[in-house]
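So the sequence lines, in the order shown, correspond to chains G and C. According to the working numbering, the stretch in the first sequence is residues 79 to 307, in order. According to the working numbering, the stretch in the second sequence is residues 51 to 507, in order.
Heads up, a few of these hints could be off.
To be verified - Which residues of chain G face chain C? A few of them, derived with a C-beta cut under 10 Å, are:
| # | residue |
| --- | --- |
| 1 | A105 |
| 2 | F107 |
| 3 | G110 |
| 4 | A113 |
| 5 | D114 |
| 6 | P117 |
| 7 | T234 |
| 8 | R256 |
| 9 | S274 |
To be verified - Pair by pair, the computed Cβ-Cβ distance ranges are:
| # | chain 1 | residue 1 | chain 2 | residue 2 | range |
| --- | --- | --- | --- | --- | --- |
| 10 | G | V122 | C | V92 | 47 to 57 Å |
| 11 | C | R458 | G | F272 | 55 to 65 Å |
| 12 | G | V122 | C | A96 | 41 to 51 Å |
| 13 | C | R299 | G | E129 | 30 to 40 Å |
| 14 | G | L168 | C | A327 | 41 to 51 Å |
| 15 | G | T94 | C | S373 | 40 to 50 Å |
| 16 | G | A235 | C | R458 | 38 to 48 Å |
| 17 | G | A166 | C | P59 | 20 to 30 Å |
| 18 | G | D114 | C | E343 | 25 to 35 Å |
| 19 | G | E129 | C | E343 | 33 to 43 Å |
| 20 | C | L317 | G | D114 | 24 to 34 Å |
| 21 | C | A237 | G | E129 | 37 to 47 Å |
| 22 | C | L192 | G | E129 | 38 to 48 Å |
The set of hints was computed from the structure by calculation and includes no laboratory data. The beta-carbon is built from N, C-alpha and C at its ideal position, and this holds for glycine as well.
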Amino acid sequence: MSNQPLGKGAESVQSTATRVVIVDDHAIFRSGLKADLDPDILVVGEAGTVEEAVAVIAAARPDVVLLDVHLPGGLGGGGRDVLAGSAALLGITRFLALSVSDAAEDVVSVIRAGARGYVTKSISGAEISDAVRRVAGGDAVFSPRLAGFVLDAFGTAPADIADDELDRLSARELEVMRLIARGYSYKEVAKELFISIKTVETHVSAVLRKLQLSSRHELTRWAAERRLL
Amino acid sequence: MTTPAFRPPLVRSSDRLIAGVCAGLANHLGWPVRMVRIGMVVAALAGGAGVAFYAWLWIMVPTADESSKLSARQPASPIAPAVSAPPVGEPAAGGGAVGVGIGAPPGSWRTRFPGMPYGKEILLGAGLLLAAGILIARLVGLDVPLGTLIPVAAILGGAAIAWMQLDETRRAGLVDKTKADQAGGWARLAAGLALVVAGVLLMVSGSGSWEQTWLALLASVAVLGGVALVLLPWGLKFWRDLEAERTGRARATERAEIAAHLHDSVLQTLALIQRRAGNEHDVVRLARAQERELRGWLYRDPDRGAGQLSDRIKEAAAEVEDSLGHAVEVVTVGDCGMNERTEALVQAAREAMLNAARHGGGAVSVYLEVTDDAADAFVKDRGPGFDPGSIPPDRLGVRESIMGRMRRHGGTAAITSSPDGTEVRLRLPLTGAAAPQGAGNNGNGTYGADNNGEEPQ
C-alpha cells in the first residue's frame, strides 16, 4: 500500500549498511527493486526459487530478506517454504514479505510462518527502503491491508484485560490497527494517539506476535475457511 | 500458520525391486526402505498376507509418473485455487478453442459424490472385509451357507463391474452416440437387460425344469463373475488411464478459459498501453483498471454474494480511479447488506474520494469498518490540506453531498485537515434510524459535522 510506512526513516539507520537478499522469481522485478532501494541498503544476494533462496540466505546471512510470497520450488508453499528452510536463522535474519497478491491466505500464511511484515509490490522505492530499515531494526511493518486482515480476524471488539491475552487485541492495539488501516503512517498514528513512535512500534509488534501465535478460534476458523490450515 | 508435518503422497517409486511398492510405502511413511521390505517379506511368510498386501498396493497405487500427471492439476500456489476452479455461473468463454468433444461436464467421480471421495476404494475394501468376515466365521465354526453366498457375491461383483463399466462409458461419452437424457438412457438399459434375461430364461425353461434353469443360470453367472475377477486388474488400469486422460482434458479446458480471459482483458489492455505509451496518465489509469479487474477475477470469494456494502464502496473507488486516474486503496472490515441509508453512505464516501483524488496528493486510502452498531468510512488523502472553515458557503460538494447527505440519513460526517493531508470520517449508525443528528465526531475529529466546508477548487 503506497502510503505505508513513512515516518521514522533516517533515525533507524544503523551505522553500517543494511544487508538484504532479494528473493523473487522475476529477474526484472529483482533488478528494478535493486535499483529502487536507497544507497544505504546493500543487496548481497538474489534468488529465484525456494532452494536457491534457502542456500543464498544461509550463505549470506543478511539482515533482511525481501521475500516474494509466490515462488517456484520447495513443497509448493512458496515464501513459507523459504521461511521453514531458514528457521535456524529466524533470530538473525528478518523477513519482509512482498507480493502482488492481496489475498488473505497469502498474507497471513507468511506472517504466521515468521515474516515480520508484509508490503505489496506496488509501493515505492523510498517506502520499501523505509520498511527494510524498520524490519532490520526489529519492528513490524503493517500495510493498511494487513491491518484490515488483522481487524477482520481478531474482531473489532477490544479485550477486557489488556496486552497479555493472545487471542484478543487490546483497545490500544485496535486503535493503532484501525489508524494503520485508514492509511496513517506510524508517525501520524503516534500524533493522533498522543503517544511516541516507539510505543506505536511496540503495539504493532505485539499485534504481529498475536497474529503469529494466536490460536484464537476465529483466526483458525477464518484460516480454515480460506484453506489455510 | 501451523504447517503439519509434510508427508509425500503414496506412489510407487521408480527405485524398485519388483514394482516399487515398498520404496514408495517407505517414502510415504518416512520409514527406512529396508525395514519396510523386511516387514513385507515377514508378512508374506505369515500366511501370504504380505503377498496379498503387496499385490493390492501394486494394483491400487499409481506410479510416481501417473500421480504427477494427476496432481499437476492441483494448485502449487494459493493463487491457483481461484484459477483452477472455473467460475460456475460464467459462460464457457473458451468453448471455441477446446472443450468440444466433452459430452458430459468434467464433473468427475469425486465431485459427483462429494461426501465419498474414495468411493471405489471404499467399495472394494468393504467387499474384502465382508469376504474376510465370512472366512473368519467359517474358521470359528459358524455355518455359513457358502453355496448361496458365492453365487450372490458373483452376481453382485458382476453387477458392480457392469455398473462401473457403464458409468465410465457414459461419462467419457464413448458409447454415448445416441445419448438421450440420462434418465432415458438408464431406462433403456434396464429394459434391455430385463428383456435379455427374460429371453434367456424362456429359452432355457422351454427345454427343462426350473431347477435346471436355476443351476445353469447360477453356473453361467459364476463363470462370468470369475472372468470378471480375472479381468478386474486390467479393468482398473484401464479405468485409471481414462481418469487421467479426463483430468488432462479438464485442465485443458481450464487453460482455455484462462487464456480466453487473459486475451479479453490483459492482452487488450497491454495493446492499448503500447499505443498510448506516450501518455503517462492513460498508461497508469489503464494499468490500474486492469490490475483491479484481474484481482477481482483471481481472488474473488465465490461464496460471498455480491452487492454488499464493501462491494459498493470498492465499485465507487474503482469509478473514481477510472475517471481521475488516481490510485484509491480500499480496505474493508466487516460487511452488511445495502439499503437506502447505506447507499447514502456510499454516495457520500464517493464524493469524498472524488475530492481527495482531485485535490489531494499521493494515493487515497479508504477504510470501511462495519460493526453491529455502525458503519464507519474513512477517506484519507495526502494533499496539502485546507481549512474547512474557510470554504465559501456556496460550494455544494462537501456541504451537501457529504455532510448534508449523512445528516439526512441519521449519520455524521467530520473532516480533519492538516498540511499532511485530509481525512473525511463518515459514520452511519445501523441500529435504529433515529440516530442523534450531527452529534459526535468519532471522538477525535477536529472539526464537527457542522463545519460545512469544501476543499478549494
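To see whether the hints hold, each was checked on the structure:
Nearest Cβ of chain C to the Cβ of A105 (chain G): about 19 Å, over the 10 Å cut. The hint is violated. For F107 (chain G), the suggested interface contact is broken, since its CB lies about 15 Å from the closest CB of chain C, more than 10 Å. Hint status for G110 (chain G): violated, given a least beta-carbon distance of 15 Å to chain C, over 10 Å. Among the interface hints, the one on A113 (chain G) is violated; its C-beta lies about 19 Å from the nearest C-beta in chain C, farther than the 10 Å criterion.
Given hint, D114 (chain G) at the interface with chain C, is violated; its Cβ is 17 Å from that chain's nearest Cβ, farther than 10 Å. Given hint, P117 (chain G) at the interface with chain C, is violated; its Cβ is 24 Å from that chain's nearest Cβ, farther than 10 Å. Annotation: interface hint on T234 (chain G) holds; nearest CB of chain C at approximately 6 Å, less than 10 Å. Nearest Cβ of chain C to the Cβ of R256 (chain G): about 7 Å, under the 10 Å cut. The hint holds.
For S274 (chain G), the interface hint is violated, since its Cβ never comes within 10 Å of a Cβ in chain C; the closest pair sits about 18 Å apart. Taken as a hint, the range 47 to 57 Å holds for the pair V122 (chain G) and V92 (chain C), whose Cβ atoms sit roughly 54 Å apart. Distance hint for R458 (chain C) and F272 (chain G): a CB-CB separation of about 34 Å, inconsistent with the stated range 55 to 65 Å. Taking 41 to 51 Å as the suggested C-beta distance range, the pair V122 (chain G) and A96 (chain C) does not conform, at roughly 60 Å.
Distance hint for R299 (chain C) and E129 (chain G): a CB-CB separation of about 33 Å, consistent with the stated range 30 to 40 Å. A C-beta distance of roughly 44 Å is found between L168 (chain G) and A327 (chain C), which places it inside the suggested range of 41 to 51 Å. A hinted range of 40 to 50 Å for the beta carbons of T94 (chain G) and S373 (chain C) is consistent with their spacing of about 48 Å. As the Cβ distance of A235 (chain G) to R458 (chain C) is approximately 30 Å, the hint placing it in 38 to 48 Å is violated.
A166 (chain G) and P59 (chain C) have their C-beta atoms about 28 Å apart, which keeps the hinted 20 to 30 Å range intact. At about 26 Å, the CB distance of D114 (chain G) to E343 (chain C) agrees with the hint of 25 to 35 Å. Taking the beta carbon of each, E129 (chain G) and E343 (chain C) are about 34 Å apart, inside 33 to 43 Å as hinted. Checked against the hint of 24 to 34 Å, the pair L317 (chain C) and D114 (chain G) passes, with Cβ atoms roughly 27 Å apart.
As the Cβ distance of A237 (chain C) to E129 (chain G) is approximately 58 Å, the hint placing it in 37 to 47 Å is violated. Restraint check, L192 (chain C) to E129 (chain G): a C-beta distance of roughly 60 Å breaks the suggested window 38 to 48 Å.
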